[in-house]
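Asker: Chains as they are written, first to last, in the numbering used here: chain C, 1 to 260; chain L, 1 to 287.
No wet-lab data here; the hints were simulated from the structure.
Some hints could be false.
Claimed, not checked - With a Cα cut of at most 27 Å, we get these calculated DSS-like pairs of lysine-lysine:
| no. | chain 1 | residue 1 | chain 2 | residue 2 |
| --- | --- | --- | --- | --- |
| 1 | C | K107 | C | K120 |
| 2 | L | K254 | C | K2 |
| 3 | L | K222 | C | K2 |
| 4 | L | K134 | L | K108 |
| 5 | L | K108 | L | K233 |
| 6 | L | K160 | L | K108 |
| 7 | C | K259 | C | K248 |
| 8 | C | K246 | C | K39 |
| 9 | C | K12 | L | K254 |
As the list claims (entries may be wrong) - Here are some chain C residues pointing at chain L (derived, C-beta under 7 Å):
| no. | residue |
| --- | --- |
| 10 | I68 |
| 11 | R117 |
| 12 | L121 |
Glycine included, C-beta positions come from ideal geometry on N, C-alpha and C.
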Amino acid sequence: MKEGLVTLLVRKTDESRRNAQNHVESWRKAIDAVREAEKHAECTIPLPSSLTVPVSVAVQEARVASHIVAIDLTKNASLARTDVLTFATNTLEQEIESRSEAITRAKEAMKWHENSRDMKLRDAERAKSHAISSANDALSSVEYSCSSIKMDTDPFNNMKSCLDGGIFGLIIILPFEVFALLSALVSYLLKKAIAVPNVNAKRQEFDFVARQAEDAFAQSRKQIEREFSACLPEREQAIKKAEALKNKADTALRLFQAKA
Amino acid sequence: MSTPLERSIDNHYHLETLAENSRQLVEHQEESFRMQYAAAIANLQGMAEITSRQDTTNYRLSTIVGGMDALHATARATLGAIYAQTRVLQEGFEQVAQMMMQQQKVLKQIADVLCHPYETKVLELLREADHALKQGMTSTGRDQKAEFGDATKLLNGVLKNPIGRRNYVAWFQVGWLKWKYELNIVEAEEAFYQASRLSAPKADLYHANSLKHMAYMQYLQKNHSDAYDTIQKAVNVLPDDHDIRYDAARYAAKAGREAEALELLERCIDQQPQTIVVMFSEEDFLQ
Chain C
1 MKEGLVTLLV RKTDESRRNA QNHVESWRKA IDAVREAEKH AECTIPLPSS LTVPVSVAVQ
61 EARVASHIVA IDLTKNASLA RTDVLTFATN TLEQEIESRS EAITRAKEAM KWHENSRDMK
121 LRDAERAKSH AISSANDALS SVEYSCSSIK MDTDPFNNMK SCLDGGIFGL IIILPFEVFA
181 LLSALVSYLL KKAIAVPNVN AKRQEFDFVA RQAEDAFAQS RKQIEREFSA CLPEREQAIK
241 KAEALKNKAD TALRLFQAKA
Chain L
1 MSTPLERSID NHYHLETLAE NSRQLVEHQE ESFRMQYAAA IANLQGMAEI TSRQDTTNYR
61 LSTIVGGMDA LHATARATLG AIYAQTRVLQ EGFEQVAQMM MQQQKVLKQI ADVLCHPYET
121 KVLELLREAD HALKQGMTST GRDQKAEFGD ATKLLNGVLK NPIGRRNYVA WFQVGWLKWK
181 YELNIVEAEE AFYQASRLSA PKADLYHANS LKHMAYMQYL QKNHSDAYDT IQKAVNVLPD
241 DHDIRYDAAR YAAKAGREAE ALELLERCID QQPQTIVVMF SEEDFLQ
């Protein structure tokens, strides 16, 4: 019985030591996997020293531990490994989340930039439209004035015709000098009173204003597009970089979970 | 060879009846493990010195003994530190303590249920007997003797009643008093037998306890074969109970069934790792 008991002791101790060694090894591998994940994800996973330092001691202890201590080591190693995995997974998940947020922020900045360009373009277009419509209004009012003047000047023209036509009638009554003076005065007064606007000049003016507005708009648009394009690669780069970083963290987590 | 240590069964019912909380039970187990640990280390060292064979087993034994010795040496001054370091032991003790507290409740429930059909007189006798038994368990010297004497008389009064004779809790308590107070192993075995017989239809905790104690009485009378047979019945009632399985290993070893004893011990070690130390403190396994 004694020998059987000793054999049992040796066998059970061997078993528990092997088990402890396996668990400690798994714990060590989990720490290695964390270090690898750090490299893949390009971030630091600050494992608490209580989860990393005792592993080297445990490796040695597991070889010489008694049955009970070996079981204790197994339990501790198993718990520590779980803690390492949980800590690293949580850290990587947080990293992925913060990198996803960075992508969202970069995309929002891009959108804001595009919106700002569109707004500027709309403003420039509005300014152009305003200039053209103002000029157009001015032209319309001139044209309207012209048509009004045409109607208003008819009585005067009649009067002048009368004056011109009545020369013969009046020649008898008024001396020629007086008549001539009167006629000149009427013409002067008529011209002064009616002051007929030059529609063609106004139309040219309008065309000029419209062209200028178009030119200004084109220039503004060019300027806005230039400004937008200048920032675009930087912003696209920022998004790409953020996406690449997030992908790295994703891959690191996947690889870590597969490995650990 | 180490001096025989108390077995857990020696105090089991006493502790189970009186423990107020699991902490008390844990402390008791720690104390008894401390002694078993020291005895086991001494036995193992003795075995390593005696054995002259230089085979692999022997070599490994010496490394283990060396390891345990080193652990023992460093921990001797602060033995408590071992328990702090080994969660396994703590958890094991706590688990046993909780189980015993649970069993305490179950035993009380069984006793209460059995009291139910009795007339006032028998009921009073049972209550007083229980009270005296507990008082005796908590006192010492003359007081204890007087209390146990009262408990015995009261229980005998219960057993004189035709219905009271069917109360297996009373029989169990009589058996316990015969063993502990009167030191009458033969009559104690008979009382535990009656308790096990009457509790058989219910196959409850008292039934398993009766069989376990009956087997122990047979063991004390060196009827190892009978003890082995009786403990098998207890194993059938509570197949996962560590203490019953451990006793089964002991009686198997004493009955010359070495392979069976080792198999049972291995299962005990898997269930409670400290068994690997405790078994080396037992003379029954080292003969």
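Asker: Holds or violated: K108(L) with K233(L), Cα cutoff 27 Å?
Answerer: With Cα atoms ~23 Å apart, K108(L) and K233(L) stay inside 27 Å; holds.
Asker: Tell me if the straight-line CA distance from K222(L) to K2(C) falls inside 27 Å.
Answerer: 20 Å, holds
Asker: At a threshold of 7 Å, is the proposed contact between I68(C) and chain L supported by beta-carbon distances?
Answerer: Holds - the Cβ of I68(C) comes within 7 Å of chain L, reaching about 5 Å at its closest.
Asker: Measure nothing beyond the straight line between the CA atoms of K254(L) and K2(C); if it is 27 Å or shorter, mark the hint as holding.
Answerer: Within the cut-off at roughly 13 Å; holds.
Asker: With chain L as the partner, please determine if L121(C) meets the hint condition of a C-beta pair closer than 7 Å.
Answerer: With a closest approach of 71 Å, the L121(C) hint is violated.
Asker: Holds or violated: K259(C) with K248(C), Cα cutoff 27 Å?
Answerer: 16 Å, holds
Asker: Tell me if the straight-line CA distance from K107(C) to K120(C) falls inside 27 Å.
Answerer: The given pair, whose Cα atoms are some 20 Å apart, holds under the 27 Å limit.
Asker: Given the hinted pair K160(L) and K108(L), is their Cα-Cα distance within 27 Å?
Answerer: Holds, because 23 Å separates the two Cα atoms, which is no more than 27 Å.
Asker: When you check the alpha-carbon spacing of K246(C) and K39(C), does it fall within 27 Å?
Answerer: 14 Å, holds
Asker: Below or equal to 27 Å on CA atoms is what counts here, so check K134(L) against K108(L).
Answerer: The hint holds at about 13 Å.
Asker: Is the hinted pair K12(C) and K254(L) satisfied, with a Cα-Cα distance of at most 27 Å?
Answerer: OK: K12(C) and K254(L) at ~23 Å, within 27 Å.
Asker: Was the hint right that R117(C) lines chain L, CB cutoff 7 Å?
Answerer: 66 Å, violated
Comparing the model with each earlier hint shows violations of hints 11 and 12; every other hint is respected.
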